[in-house]
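Engineer: Can you build the whole structure from these sequences, using the hints too?
So for the sequence shown, numbering that gives the first Met the number 0 puts the first residue at 0; every next one is plus one.
Please keep in mind that the hints were generated in silico from the structure rather than gathered at the bench.
You can take every hint at face value.
Straight-line Cα separation of at most 30 Å, DSSO-like style, residue types lysine-lysine; simulated pairs: (1) K232 - K49; (2) K63 - K49; (3) K103 - K170; (4) K55 - K232; (5) K51 - K232; (6) K183 - K169; (7) K103 - K71; (8) K51 - K71; (9) K71 - K55; (10) K71 - K232.
Taking CB as the label site, the calculated pair distances span: (11) P78 - D159: 46 to 54 Å; (12) T98 - V176: 27 to 35 Å; (13) E157 - K49: 40 to 48 Å; (14) S200 - A179: 13 to 21 Å; (15) D187 - G79: 52 to 60 Å.
Glycine is no exception: its CB is placed at the ideal position from the N, C-alpha and C atoms.
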Amino acid sequence: MSFPDLPKGRIALSAAAAIMAVAVVGSAAAQSMVVRSTGPSASKYPTGAKLKSADKLTLVAGDKVVLMQAGKTRTLSGPGTFGASATIQTSQSMSGTVTRMLAKGPMMRSRGGFSRGPGDTAPVEARAPNLWLLDYREGGTFCVANPATLMLWRPNMEGDTALEIESAGKKSTVAIVDGANFRKWPTDVLPVQYGVDYRLSGGGLAAPVTVRFTALENAPDTVEGSVDMLMAKGCTPQLNRLVDAMSESEAG
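Structural biologist: Rendered as C-alpha cells:
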C-alpha cells in the first residue's frame, strides 16, 4: 500500500507543531504552585502563585514556602536560593493521605479520634482526617460538600461536652458524648445557610469561633483541583489541613 507524499512545507509545520505541543506539555507538567508562604518573604511568593520550572526562590531566615507540583508537596525553608521545580519523591503514605482527605463521604470510625491516658492532653496538631468534616476549633470560611450530611469533629473522644451554636437569634446545643468525636450539624434547628455567620462556643473551646459557609457545587477529585477550589473560595482552614497532611507525608 502506498501513501501520497506530503508537501515538505506541511511536514515541517507538522513537526514544528509537535515539538511545540511537547514543550507546552512539559512546561505545564513542571509548573509549581505556592500553597503556603510564611515569613519575611511571604509577599514575594504569595499563596496561589504559579512558578515556572526556571524560576528561583530566594528565601531569608524565617521563610517557609510549600510548593505543590504534580500532586506532591515540597517544603522550602530559608535562608537559601531554590529552584521552583525538582524531582519529588512520594512516600508510601502520601496516596492514602490524599485519598482520606479528599473522600466525598467522611470516613466514620467508632474510635477514629485521639485517645489519651490519665493526665495526657490532646495534641494541638491533631486534625480532622477529612476535608469535609467541620473541625469546630477552626473559624473562617468553610466549603460545604453536602449540607445535609455536614459533621462536626473534635480532636479527642474523652468526656461529654456541649457545643453551642448561635446564628440570627437562633441557638442550638449539640451534645458530644464520651467515646465519640463526630456529631451531625443540627440542621433541624439551624439549617446550613451560605454567607451567614455562626458563633460556636463551649465544647472545649478556649474562646468562641465564627464560621461562615460557602457552597461547593462539585468537589474536585484531584489534589490540584481541590487546592485551586479552596483558594478560590477562601476556605483557608481546609486548605491548611490538606497542605499540612500532605507535607507530613513528604519523603524524608
